[in-house]
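Q: Given the coordinates of chain Z, work out where chains B and F should sit on it, guided by the hints.
Heads up: the sequence lines are chains Z, B and F, in that order.
Residue numbers in the first sequence follow the numbering used here, run continuously in steps of one, and reach 512 at the last position.
Residue numbers in the second sequence follow the numbering used here, run continuously in steps of one, and reach 1311 at the last position.
Residue numbers in the third sequence follow the numbering used here, run continuously in steps of one, and reach 2275 at the last position.
Taking lysine-lysine pairs in the DSSO-like style, the calculated list, with each CA pair at most 27 Å apart, reads:
hint	chain 1	residue 1	chain 2	residue 2
1	Z	Lys291	Z	Lys377
2	B	Lys1083	Z	Lys200
3	Z	Lys304	Z	Lys386
4	Z	Lys219	Z	Lys491
5	Z	Lys488	Z	Lys219
6	Z	Lys264	Z	Lys488
7	Z	Lys377	Z	Lys304
8	Z	Lys129	B	Lys1083
9	B	Lys1083	Z	Lys117
10	B	Lys1083	Z	Lys180
11	Z	Lys129	Z	Lys431
12	Z	Lys200	Z	Lys221
Since the hints were made in silico from the structure, they are not lab data.
Here the structure is a predicted model, which is why all the values come from computation and not from measurement.
Residue strings, one per chain:
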Amino acid sequence: MNQFKRRDLLKSSMAAAASGLPAWAAWAADEQHLRIQSNPMNSLDPAHQTSAGDEGRVAILVSNALMRYVPGAKYDLAPDLATGFEVSEGGKVYTFRLRKDVKWHGGFGMFTARDVKWSVERILDPGTKSRNAGQLQEISAVEVVDDHTVRFRLKGPSAVFPHALATFRGGFMMCEAAAKAQGADYGRQIIGTGPYIVEKSVLDQEVVLRRNDDYFGAKGKLDRITFKVIREASTATLAFDRGQLDIVAMKERENIDRYMRNPKAEVRVSDVSTGIFLLSFNTAKAPFDRKEVRQAFQHAIDKKAIVQAVYGQRGRVIDTVVPPGVEGYTDAVRRYEHDPARARKMLADAGVPSLACTLTIPTDYQREAVMLQAQLKAVGVTLNLKMIDRPTWFRALGQSEHDIIWNAHFRAPVADAFLFSSYHSSNQPPKGTNCAFYAGVDDLIDKARVTFDDKERAALYSEALKRIAEDSPAIPLTLELNTHVVQKYVKGLGPYRVPENAPLVETAYIQK
Amino acid sequence: MNIVFRFLLRAVPTLLGAITILFLILRMIPGDPAQAMLGADASAAELARLRTQLGLDRPLPVQYLYYMADFLRGDWGNSIVTKTPVLERVLEVLPSTLTLCAAAISIIVLVSIPAGVISAVRRDGWVDYTVSVLVFLLMSMPQFWLGLLMLLVFAYWLDWFPIYGAAEGGGLLTQLHYIALPALTLAASFMGLATRLTRSSMLEVLGREYVRTARAKGLTEPVVVVRHALRNALLSVITVLGLTVGQLLGGAVIVEVVFARPGVGTMIWDAILQRDYPQVQAAVAVFAGLFILTNFLTDVLYSALNPRIRG
Amino acid sequence: MSRIFRSPKALVGAALIVLILLAALLAPWAAPHDPLAIDPAAGMMPPSAGHWLGTDFFGRDVLSRMMWGARPSLLIGFSGVALGCLIGSLLGLLAGYFKGWVDVAIMRPIDMLLSFPIVILALAMVAALGPSLLNLILTISLLFVPRFARVVRAETLALREMDYVEAARASGRTPLAIIRRHLLPNATAQIIVTCTVFLADAILIEAGLSFLGVGVTPPEPSWGNMLAEGRSNILGAPWLMTFPGLMLTCTLVGFNLLGDALRDILDPRLHGGRP
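With the rest of the complex left out, here is chain Z (with noise of 0.2 Å):
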């Protein structure tokens, strides 16, 4: 044993001096740490998380919620901290087992029913100001019944509250003593029970993670892991050449047919998405409440084109609102082929030959603005470009001037969650960002809330995506599949998983 490491030691640092580093540095590169781009975070705190992609991705490998999302394309919800629940009065009470071998980090005891109460309390709590309260109002009491059991009481029946515990932003639970303990700065030392713990956090810098040997599930290969924040996109592209970084991001189709080349890099595409970007039609403003027109502008686009240019991997052509894998998905909706003159004859008989408009659009999204307008001047139609900021835009959506607005759903992996908020006549602007200003489906939606039996459920939601598809208040263009290039040393990265939007760490290690 001792020959073995002196040997594998001498190696390295021969190796080490051949190369020009100091021997220390060689060994010190063998240590199991992985460290990944990352955009800015502003908060680890479950009552605060904005982003489900950056932040959660650090939320997840440090605490737990009581369900998880399964990693793959079914999006199905499995126990984590809980062991199974039941059901009860026709949906309006939940009531979770939880586990009874989970230990905070940092030595503040054992998880139980009481950190449950607590954590979704001071969520709903109003002091708190939690962005995500949202997430958990369907619940008007929780109840600790025992130290591993806990009661949802809710206001109305719900089959898809489960989905509200899961690992998505305000479900993670917080150790309370910690909270107390810690006072403002929990946000950034998080007290969680995952399989790393929180060893350096400045969260527009940089996250540091160490392994958990306490944890209670699968422990990782990783000794160290970090989240290191590079906005500069080709800073961070500099980087990872260069080895300094072993996972970042990708956007940029030619960046990623590059690295497709690259044979020190792996390129992973996600096969999972929750995100899809669409152009949603202002159906109250005309001529855009004729669905004529709305028809000829689905002829116009030719969805392929912006993908492949655009996207490339990242991409997939999409004809529903709900991407694939969401329960009630369907493929058997009716399809737009790319038929220019086809749109130009519709143009012209309803009367709108040579029509002028504008799509708000986000300035990150120019090179589909671009296409867009390239492929409608084709047909006849002025496209005009409003170019936005993303905060700007977020209030556009939720307001009535625009004609056509380019839009974007990323959301948890529930058909309601997509169809509710942007298709039900009672989230038309101003109350909501049903920005489309659609009613075409308000009772099937209505009806798949209340149904319990999920084969009924999934055809209720499959009918309102044909019905979707006809009406076409919006355009449905592509999946956005997250990717980002790895360096070939990594290995055992697992796949997507939701909501995150990013490969599996927890069992990656590095092998040189």
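A: Showing chains B and F alone in chain Z's frame:
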């Protein structure tokens, strides 16, 4: 004491005025913090609830009064996004920005002053000419372009410097290693001005009476240069450097973002994108405060030098 | 005036500026391709015979876009500085001549505006107003009004102590007449020099704003947004960043050289003034 009092009398209203202007401008920007936080899928009900929690539903003058009252008491509020005190956050990252500016100033001084002196002494020689050309080139390059080019050439191709971040711990050498490229990029634009100024000040002084007298007295050239000319020229240079400190602070924003360095610049950038009003206001207040302070010191120096302006 | 033609610095500077101006003015006729024409198949091609400076992501010709891109950059820069100069110089003259409470009333808000880092103020203003051409010009002019005011005020303060100004005042001339006949002509030289230097800054700021995404909106080309688009391909397609940056640098060199030369020429006479 009189000077300090006069300074405060001018500085405080200026600062408060700047904050007020910023307050108004920020609120003219479409999209408010509630919107930025809740994102694309917010229902009006959620937005309304968050706005009430954040106090955004009160009339604007009321919001302003509450804010100013707290501000004057030293309570600058909490970041809407991280819920931690804004002033603390700014003070945490300020040293990083100040270090960057200090490093840039050091480079400017170490490079520009000798360059300017030599250019003046050997006027119209090849050194003067080369320096002028270089100076103009550097002054004219956009900082964000220069920064990326330097990253590409020195950090990537040549691998002489690390590509991102700031050194955590590590000795002085490591710190210097990390700060070199950002500081050079920041300094580049202002090196030109400093060099030219040193040169023209030196030229002016070298032509003056008492210098000719010193020469006539038989003092050797280097002595004349250093003892008389340089010391006087430096006064004007310091004046201009004082002015550039303000611009340096502004340039630091760009350099920090390009080089992924922590600092007040990246903080303001993020905060504007997130409509985190209290954070932007606090960071800008600190910036503006520093700016006003250095401007005042510069004005004092300028008045002292140029008797025609006094009074 | 003739001294300008004898100064090599001024000539080179002016030549560069004229060249760029020509490129901008003649773009509709001289540019080899339509700057907005898309051809994704020919995207990201390095410089070649058909496209002297290569193509960008959409197959648009970089050279044509650079020539067309000069227009908004120069237009915004010139208009912004002109407007800022007009308003700022007027304020500076008034503040410098009348001093007293007029000075305070004018300079206090000016100081407030000056204490903002340029980048922040520009960002906030454009975000608030929206990135239309007019708003960009307004934003740039707002950035320069205080700077012109400061410079002209300093100049006026020095000039008003001149003997001939004293004499004019003693002989009972109205302030307006004094400003118009004595101060303004002598301050003009300084104003012109300042304009030239600020022009370079203004163009740079516009490029910076477009680079950050809040300036000229795509797909209209501007040097700034071309640099932004090229940024993400710094390794794969370096020509996208290099050429617009070089052109911007050349333009700025031109203005800086000219401004510097003018300053050298006009310097000795700045503090003398004509009676």
